[in-house]
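Participant: Respectively, the protein sequence lines represent chains A and B. Okay, so the first sequence: first residue is 1 according to my numbering, each after it adds one. Okay, so the second sequence: first residue is 1 according to my numbering, each after it adds one.
A couple of the hints might just be wrong.
As the list claims (entries may be wrong) - Across the chosen pairs, the derived CB separations fall in these ranges:
no.	chain 1	residue 1	chain 2	residue 2	range
1	B	Leu168	A	Ser77	56 to 66 angstroms
2	B	Ala43	A	Lys51	46 to 56 angstroms
3	A	Glu28	B	Ile271	53 to 63 angstroms
4	B	Glu121	A	Asp64	29 to 39 angstroms
5	A	Asn67	B	Gly206	53 to 63 angstroms
6	A	Pro12	B	Phe173	56 to 66 angstroms
Said to hold, decoys possible - Here are the computed lysine to aspartate or glutamate pairs in the DMTMM-like style, where the Cα-Cα straight-line distance is at most 20 angstroms:
no.	chain 1	residue 1	chain 2	residue 2
7	B	Lys65	A	Asp33
8	B	Lys58	A	Glu19
9	B	Lys72	A	Glu35
10	B	Lys65	A	Glu80
11	A	Lys54	B	Glu9
12	A	Lys52	B	Glu9
13	B	Lys65	A	Glu35
14	A	Lys51	B	Glu39
15	A	Lys51	B	Asp19
16	B	Lys65	A	Glu19
17	B	Lys72	A	Glu80
18	A	Lys51	A	Glu80
19	B	Lys58	A	Glu17
20	B	Lys72	A	Asp33
As the list claims (entries may be wrong) - Calculated from the model, a selection of chain A residues having no Cβ within reach of chain B, i.e. all distances over 12 angstroms:
no.	residue
21	Thr2
22	Glu4
23	Leu7
24	Leu10
25	Thr11
26	Pro12
27	His15
28	Leu18
29	Pro21
30	Ala22
31	Lys26
32	Glu28
33	His42
34	Ala48
35	Gly69
36	Glu80
Honestly, the hints are just simulated from the structure, not real lab data. Glycine included, every Cβ here is placed at the ideal spot set by N, Cα and C.
The residues making up each chain are set out below.
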Amino acid sequence: MTVEELLIELTPIFHSELENPALVLKPEMTAADVETWDSITHVQLIVAIEKKYKIRFTSREIQDLKNVGELCSMVLSKIEN
Amino acid sequence: MKFLQQLLEENRILTVLSDNLPNEIKESMLYEHVATYLEEYTAFNNIDAEQAIGMYFKYIRAYIKHCNHFVKTGQYPLALGINDFLVTREEYDVVMMLLILLTQHRYRIMQLLVTKTVPAEKALYIGLGSGIEVKLTQEISKEIHGYDLSINSFLYSKFPNAKLNIELYEGQFTDYFDVVYMIELLEHVSEPYTLLQTCYNSLKKGGKIYCTTATDVPQFDHLYNFEVAHNDFEEKLKAIGFSILYKEMIPHLYLSMELQPCNHFYILEKI
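Next comes chain A alone, as it looks inside the complex (with noise of 0.2 angstroms):
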């Protein structure tokens, strides 16, 4: 699967998660260009993408996600492994 497939899929988790059905998901993007992605949907969005996948993030990787960019990456690194 590359990035972009990744985007698409991940696209109405965001929507749902983020209540903001508009959403157009970019690598570069980040929380604080997102009105209503704060800390509590951050983690919602994590559970829920978790689930999407079945993997796991740590606690420090939650934390450390600097984008939807490294957000696709690490999600792929754990689908592959």
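Guided by the hints, dock chain B onto chain A, whose structure is given.
Facilitator: Quick look at chain B alone, frame taken from chain A:
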């Protein structure tokens, strides 16, 4: 701790939030005391883990919504006339106790309360809530008086010797108390300085108030009583006759939003 463990096992989001707390918090006696008290409170009220989790997320969803309104308007929900969040005494108490166990700022408030408070003959608690502040400090006070607009029956069984009153505190005592606790209360009252003056009058000379303020915390039942800078607040305290013995700003940790929510913890002395 069994009940807390059950909550964390049943809900991944709570696990992640808990994992983000430093180990020194999770291994502390204070943390264990709060977890045990939560377990006793929920058992007494027949609240199971699933219900407690539901209460927590009901609150969080409303809080996020109200934060978003606040970012857009600069107004708290009450000021906007938004009254869409109904909560029972038990729901509110459970959520507030869970927040001590899941957020650093609420844990820090309790930590300051426990470490800074000194033995007192007569203590007054305004805004009893779940009773957790009484639980954490009761052993150093000989006579306990508590006030709140509603009180869960658990508190009567837990603190049988305390004088608990379901009413507003309006200065029923004068020059009587050695210490007054008003933790996370002043943001709930429409005239905080009137209440502080009332408490001043109720204290003996040299008596202390342990209190907190909240700024940029758009909880459903909060009033915007305090600006980020507390100069005005402190000037008014001094005008009443208090000296400030201790103060600490306690930021809430958020990833984003243009919010910088925080509490301030104060210890005041009647001079």
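Participant: Hint by hint, note whether the structure agrees.
Facilitator: Tested hints:
Between Leu168 (chain B) and Ser77 (chain A), the C-beta spacing of about 58 angstroms keeps the proposed range 56 to 66 angstroms intact. Against the hinted window of 46 to 56 angstroms, the Cβ-Cβ separation of Ala43 (chain B) and Lys51 (chain A) comes to about 31 angstroms, which falls outside the hint. In this structure the hint that Glu28 (chain A) and Ile271 (chain B) lie 53 to 63 angstroms apart at CB holds, the actual value being about 56 angstroms. For Glu121 (chain B) and Asp64 (chain A), the Cβ-Cβ distance of about 50 angstroms falls outside the hinted range of 29 to 39 angstroms, so the restraint is violated.
Range check, Asn67 (chain A) to Gly206 (chain B): about 55 angstroms between beta-carbon atoms, so the 53 to 63 angstroms window is met. Against the hinted window of 56 to 66 angstroms, the Cβ-Cβ separation of Pro12 (chain A) and Phe173 (chain B) comes to about 59 angstroms, which satisfies the hint. Restraint check for Lys65 (chain B) and Asp33 (chain A): satisfied, since their Cα atoms lie roughly 17 angstroms apart, inside the 20 angstroms limit. Only pairs whose Cα atoms come within 20 angstroms are accepted, and Lys58 (chain B) paired with Glu19 (chain A) is accepted, the gap being roughly 16 angstroms.
At most 20 angstroms may separate the alpha-carbon atoms for a hinted pair to count; Lys72 (chain B) and Glu35 (chain A) meet this at roughly 9 angstroms. In summary, the hint linking Lys65 (chain B) to Glu80 (chain A) is not supported, as the alpha carbons are separated by about 36 angstroms, beyond the 20 angstroms threshold. A distance of roughly 17 angstroms separates the Cα atoms of Lys54 (chain A) and Glu9 (chain B); the hinted pair therefore holds under the 20 angstroms criterion. For the proposed pair Lys52 (chain A) and Glu9 (chain B), the alpha carbon gap of about 19 angstroms is at most 20 angstroms, so the pair holds.
Distance restraint check for Lys65 (chain B) and Glu35 (chain A): the Cα-Cα separation of roughly 11 angstroms lies within the 20 angstroms cut-off, and the hinted pair is therefore satisfied. Taking the CA atoms of Lys51 (chain A) and Glu39 (chain B), the gap is near 29 angstroms; set against the 20 angstroms cutoff, the hint is violated. Pair hint Lys51 (chain A) plus Asp19 (chain B) holds up; C-alpha atoms about 18 angstroms apart against a cutoff of 20 angstroms. Taken as a hint, the Lys65 (chain B) and Glu19 (chain A) pair is honoured in the structure, with Cα atoms around 10 angstroms apart against an allowance of 20 angstroms.
Between Lys72 (chain B) and Glu80 (chain A) the CA atoms are separated by roughly 41 angstroms; this puts the pair beyond 20 angstroms, and the hint is violated. As the CA atoms of Lys51 (chain A) and Glu80 (chain A) are separated by approximately 16 angstroms, the hinted pair is consistent with the 20 angstroms bound. A threshold of 20 angstroms between alpha carbons decides the hint, and for Lys58 (chain B) with Glu17 (chain A) the separation of about 15 angstroms falls inside it, so the pair holds. Of the supplied pair hints, the one linking Lys72 (chain B) and Asp33 (chain A) holds, its CA atoms being roughly 15 angstroms apart against a limit of 20 angstroms.
For Thr2 (chain A), the requirement that its beta carbon stay farther than 12 angstroms from each beta carbon of chain B is met, with the minimum near 27 angstroms. Residue-level check passed: Glu4 (chain A) sits 25 angstroms from the nearest beta carbon of chain B, beyond 12 angstroms. Every CB of chain B is more than 12 angstroms from the CB of Leu7 (chain A) (nearest about 20 angstroms), matching its label as outside the interface. Interface exclusion of Leu10 (chain A) from chain B stands, the closest Cβ pair being 18 angstroms apart, more than 12 angstroms.
The beta carbon of Thr11 (chain A) is kept farther than 12 angstroms from every beta carbon of chain B, the shortest such distance being approximately 19 angstroms. No Cβ of chain B comes within 12 angstroms of the Cβ of Pro12 (chain A); the nearest lies about 19 angstroms off, and the non-interface call holds. For His15 (chain A), the requirement that its beta carbon stay farther than 12 angstroms from each beta carbon of chain B is met, with the minimum near 15 angstroms. With a minimum CB-CB distance of about 10 angstroms to chain B, Leu18 (chain A) fails to clear the 12 angstroms threshold, and the non-interface call is violated.
At the 12 angstroms boundary, the C-beta of Pro21 (chain A) stays outside the reach of chain B, the nearest C-beta of that chain being 15 angstroms off. Consistency note on Ala22 (chain A): stated as away from chain B, and its beta-carbon is indeed over 12 angstroms from all of that chain's, at 15 angstroms minimum. Every CB of chain B lies more than 12 angstroms from the CB of Lys26 (chain A), the least distance being 16 angstroms, so the non-interface label holds. With a least beta-carbon separation of about 15 angstroms from chain B, Glu28 (chain A) lies farther than 12 angstroms from that chain, consistent with its non-interface assignment.
Some Cβ of chain B comes within 12 angstroms of the Cβ of His42 (chain A); the nearest lies about 5 angstroms off, and the non-interface call is violated. The claim that Ala48 (chain A) lies off the interface is violated: its Cβ sits roughly 10 angstroms from the closest Cβ of chain B, which falls inside the 12 angstroms cut-off. The beta carbon of Gly69 (chain A) sits about 17 angstroms from the closest Cβ of chain B, which is more than 12 angstroms, so the claim that it is off the interface holds. With a least CB separation of 22 angstroms from chain B, Glu80 (chain A) remains clear of the 12 angstroms interface cut-off, as annotated.
In summary, the numbered hints that this structure violates are 2, 4, 10, 14, 17, 28, 33, 34.
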